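K.L.:
Next come the chains, spelled out residue by residue.
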Amino acid sequence: MIVSEKIAIDHGLKKDEYKKICELLKRIPNITELGIFSAMWNEHCSYKSSRLHLKKLPTKGKQVIQGPGENAGVVDIGDNDAIVFKIESHNHPSFIEPYQGAATGVGGIMRDVFTMGARPIANLNSIHFGSTQHKKTKNLLRGVVHGIGGYGNCMGVPTVAGQTSFDSSYNGNILVNAMTLGLVKKDKIFYSKAAGLNKPVIYVGSKTGRDGIHGASMASASFDDKIEEKKPTVQVGDPFTEKLLLEACLELMAGDSIIAIQDMGAAGLTSSSIEMASKGNLGIEINLNMVPCRESKMTPYEIMLSESQERMLIVLENGKEEQAKKIFDKWNLDFAIIGKTTKSKKIELYYDNERVADIPVNTLVENSPMYDRKWKKTKLPKKNKINKDEINNLKIIEVLKKILANPNVCSKEWIWQQYDHTVMGDTIQKPGGDSGVVRVHGSNKAVAASVDSSAVYCWAHPLTGGKQVVCESFRNLISVGAKPVAITNCLNFGSPENEENMGEFVECVQGIGEASSYLKFPVVSGNVSFYNQTKDQGIKPTPSIGGVGLLKDYTKMITMDFKEVDNIVFVIGKTEGHIDQSLFARVVLNEKNGPPPEVNLFNEKNNGETLLKLMDNNFIKSAHDISLGGIITAVSKMCIKGNKGINLKKPKYLINEIEYFFSEDQGRYIIEISKKDQKKVLNILNKNAVHYDELGTINENVLFLNEKTKVTIDELKEFNTKWLKEYMSN
Amino acid sequence: MKSSVITFPGSNCDRDMDVALKKFGFRNKMVWHQEDELPKSDLVVLPGGFSYGDYLRCGSMASKSKIMKSVINFANSGGMVMGICNGFQILVETGLVPGALLRNKYLEFICKNVFVKINNKDNAYFKNIDNTVLKLHIAHNEGNYFCTNDQLKEIEDNAQVAINYCDPSGKIGQLYNPNGSIKNIAGIFNKAKNVLGMMPHPERMIDTSLSGEDGSLFFKNLINNLK
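In the order they appear, the protein sequences are chains A and B.
Oh and the first sequence: position 512 is 512 in my numbering, straight run, nothing missing.
Oh and the second sequence: position 100 is 1100 in my numbering, straight run, nothing missing.
Treat the hints with care, since some could be wrong.
[Claimed, not checked] Here are the simulated DSSO-like pairs of lysine-lysine, each with C-alpha atoms no more than 30 Å apart in a straight line:
hint, chain 1, residue 1, chain 2, residue 2
1, B, K1220, A, K445
2, B, K1029, A, K445
3, B, K1135, A, K563
4, A, K722, B, K1171
5, A, K717, B, K1171
6, B, K1105, A, K136
7, B, K1112, A, K563
8, A, K6, A, K297
9, B, K1022, A, K188
10, A, K330, B, K1066
11, A, K556, B, K1069
12, A, K556, B, K1220
13, A, K556, B, K1191
14, B, K1022, A, K185
15, B, K1183, A, K722
16, A, K641, A, K535
17, B, K1023, A, K445
18, B, K1105, A, K138
19, B, K1171, A, K563
20, B, K1171, A, K412
21, B, K1112, A, K552
22, A, K207, B, K1121
23, A, K325, B, K1069
24, A, K552, B, K1023
25, A, K725, B, K1183
26, A, K445, B, K1040
27, B, K1040, A, K326
28, A, K652, A, K605
29, A, K326, B, K1064
30, B, K1022, A, K330
31, A, K725, B, K1105
32, B, K1023, B, K1105
33, A, K725, B, K1171
34, A, K552, B, K1022
35, A, K717, B, K1105
36, A, K649, A, K710
37, A, K383, A, K652
38, A, K185, B, K1023
39, A, K186, B, K1029
What the hints contain is simulated information worked out from the structure, not anything from laboratory work.
Bear in mind that the values here come from a model prediction, so they are computed numbers and not experimental data.
Take these sequences, add in the hints, and give me the full structure.
P.N.:
Following this line, the structure appears as structure tokens:
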């Protein structure tokens, strides 16, 4: 086939990009070469619209061993231990084929982590669906949950936390973001940088099939009416093979034969070989006849662009081939020497003794396009005037029930009960809390992880929203007693070619950067997913933040369930009564406009760090951050979890009860302390200039404000737990 | 006391079982499925996981692997063999214990704490245990125990039911049946009671930081009984 501009455009390349390829090669590429360029230059692999802005994120810190640019980020947790972690999107395939799309998303992110030598110890996910009324939502939710469970459960890695939301902006584009944490010894981390000449290039894992060809290109385009035709571009996962691959790789890594290793993720053999060559400033020569194939007569084009799962590429020390092969034979996996490193700085591919591709590596990587896209700034919306008469007539308990049963607040037990969250025997905080917590096996330490996003805030004002998500992650880690260490981000947006969507991206990234820099909570890995849009309708901007924190002594972990009757409950942080963009405003007032709650980074840091001090002194019996639904929603969940009630009092502020209980001001937590510690606790809060209100005293089983405003915890529990189960069983 | 845990391709609770057995005093060895012979053991454990990816039928391929000949001989000569979760599925496939394990009634994987009532204490697994009800943990997709009416009669006549799903007080009823198992059966013995297959994972309940310590009770009692 002779390549033409039209064929290039069919591959998702722009006219200018095709022209540039011809200039760089000083000739017209053949079809295999064009396929390679299109795979490397698409948005998913090249970050061509986002690179310019991502550079501004803070990525360094005392504990950071590896920031963005490798398979995953790495942070130091002391005693020669390190945590490898990353979050990644698998949005487009999950909409087309929810089970396989979600499953291979989980498989892909685990490979990113064990490629670096780390054994995965925890999985998390952030999943977002369309309106609960939309005809596709139920099946998509069921398929995605089954897919995540199907893969993670089989691998024997616990899924310890997650987030699920529903919003009509995801009707045509659901989001599936998967995150994995792995544990590695600091001196046994593996990287993807090839080194040395004439070193054997090894292919291990599953055979290459025709599945997932051009998956990365599909993830770099918007959806249209012909979406069903894209099913063949979705990869098919085999968690059993990945479990074998994990064990085989870790066994090989225990020795010293690996120079570099890279998993074959998006754009398969193409991107893995090119990345290794590029980082090592070397060339790689591959004989495609040696690649283990599932189907006969696969062309070089298909072999290079297949996204078959569960494969790895390794550059090995000379002479270690036999020893390595033995390990892969033991685990019944393919092992093939397919090429070698060269000094040519080119990717040279041979098939049937013919050279079928010859491309300088730098043309694919350094010379890949980078765009400074036009973008529009979002003004801070004007505050709504709230009709006090209207809200003063509301009955607090009725509103509370409505909010607890809201799809975005209700218990997600139906989901996480389908994930094995206890395998590996170190899960000390299960899903349903502020963060999942797993022990560092055989030590006194534990690692906490949470994943958060606030699309509504980001949509209303991207800069504030970006900051807020980072702060929420910070708070969720602190709520369980963990010191926040670093974050990974998954940036889900509409089309970068649309000025408004691009503006949302730029300003969310700016907000994330400001907050993570102020909180010393650096970004060590991440991924960008653009084109989450159908025709010209984009999703609400949804950056997901995966936060990781450390508990030096796991016995000091805090949970959110109320512990003891007669203990006193305080709110930390000031309540101003910000109702705009709150769940209350949307669900009860039906009001969608206005600014999101303001983020005060000083207060976030000060409140959080002071709370950690209190926890360190064993003063805190339970804690929970205040987010969606405000104080009363947070306190209800603590009651439900602990099977206890509370006698509430409203402080004598100027704002009214509804505003006090349902507003979503930031930087706040609820804490439980025992009476005997009250003086000491308040002393520490005062000393650190942390605002607090006394919220009430714990009782047996009633949420009680006054004789007219009371409800049993059992009743609240029913409202909180039944919605999702009923929705999914109808 | 010496124990052996068999690792099949796809086993994923083998390490957890190793940790638990060692914690309570067993000298445990990990045994690869392609070995010919079991090492000298007082207890052999088939751990949980997804041996062979649950392909074909859960436990079916593992039941035919090389080491299983030796395990079956060991069991038939009175040796203690315990299968947990996928290990139970493997035992069923070998025929060492009767019945079959079907897909959960609601077609979903279930991971949660459950209560089980000990039905028969006249055996080396549960003898001398004080509790009648244990809080354990399940995590499975195919734990729906099934057998024919004739088999059920034989099982009951021989007191082969080991544990049943129940409420915290020990009441057995459909409400506390997580997966649709016949008569809430969660675990079952062979006729001689030296082979035990059960869905719950005692190895996930072995310290206070996890969901509970009833697994500890089980293992402490087990090693004492074997001494």
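K.L.:
For each hint, tell me whether it holds in the structure or not.
P.N.:
Hints and how they fare:
1. K1220(B) with K445(A): 26 Å, holds
2. K1029(B) with K445(A): 27 Å, holds
3. K1135(B) with K563(A): It holds: about 21 Å lies between the C-alpha atoms, which stays within 30 Å.
4. K722(A) with K1171(B): Roughly 24 Å between the alpha carbons, so the hint for K722(A) and K1171(B) holds.
5. K717(A) with K1171(B): The given pair, whose Cα atoms are some 24 Å apart, holds under the 30 Å limit.
6. K1105(B) with K136(A): 24 Å, holds
7. K1112(B) with K563(A): 22 Å, holds
8. K6(A) with K297(A): 26 Å, holds
9. K1022(B) with K188(A): Given that 30 Å is the threshold and the Cα spacing comes to 27 Å, the pair holds.
10. K330(A) with K1066(B): 14 Å, holds
11. K556(A) with K1069(B): 48 Å, violated
12. K556(A) with K1220(B): Given that 30 Å is the threshold and the Cα spacing comes to 27 Å, the pair holds.
13. K556(A) with K1191(B): 47 Å, violated
14. K1022(B) with K185(A): Since the Cα atoms of K1022(B) and K185(A) sit roughly 24 Å apart, the hinted pair holds (cutoff 30 Å).
15. K1183(B) with K722(A): Given that 30 Å is the threshold and the Cα spacing comes to 27 Å, the pair holds.
16. K641(A) with K535(A): 43 Å, violated
17. K1023(B) with K445(A): 19 Å, holds
18. K1105(B) with K138(A): Holds, at roughly 20 Å.
19. K1171(B) with K563(A): Cα-Cα ~28 Å, so holds.
20. K1171(B) with K412(A): The given pair, whose Cα atoms are some 28 Å apart, holds under the 30 Å limit.
21. K1112(B) with K552(A): OK: K1112(B) and K552(A) at ~28 Å, within 30 Å.
22. K207(A) with K1121(B): 51 Å, violated
23. K325(A) with K1069(B): 28 Å, holds
24. K552(A) with K1023(B): Holds. K552(A) to K1023(B) sits at ~23 Å (cutoff 30 Å).
25. K725(A) with K1183(B): 25 Å, holds
26. K445(A) with K1040(B): With Cα atoms ~36 Å apart, K445(A) and K1040(B) exceed 30 Å; violated.
27. K1040(B) with K326(A): Judged against 30 Å, a Cα distance of about 28 Å means the pair holds.
28. K652(A) with K605(A): Roughly 26 Å separates the two Cα atoms, so the pair holds.
29. K326(A) with K1064(B): With a Cα-Cα distance of about 23 Å, the restraint between K326(A) and K1064(B) holds, given a limit of 30 Å.
30. K1022(B) with K330(A): 27 Å, holds
31. K725(A) with K1105(B): Distance ~15 Å between K725(A) and K1105(B) Cα, so the pair holds.
32. K1023(B) with K1105(B): 35 Å, violated
33. K725(A) with K1171(B): 25 Å, holds
34. K552(A) with K1022(B): 25 Å, holds
35. K717(A) with K1105(B): 25 Å, holds
36. K649(A) with K710(A): Answer holds: K649(A) to K710(A) is near 12 Å, not above 30 Å.
37. K383(A) with K652(A): Distance of about 24 Å is within 30 Å: holds.
38. K185(A) with K1023(B): Satisfied, since the Cα-Cα distance of roughly 24 Å is no more than 30 Å.
39. K186(A) with K1029(B): 28 Å, holds
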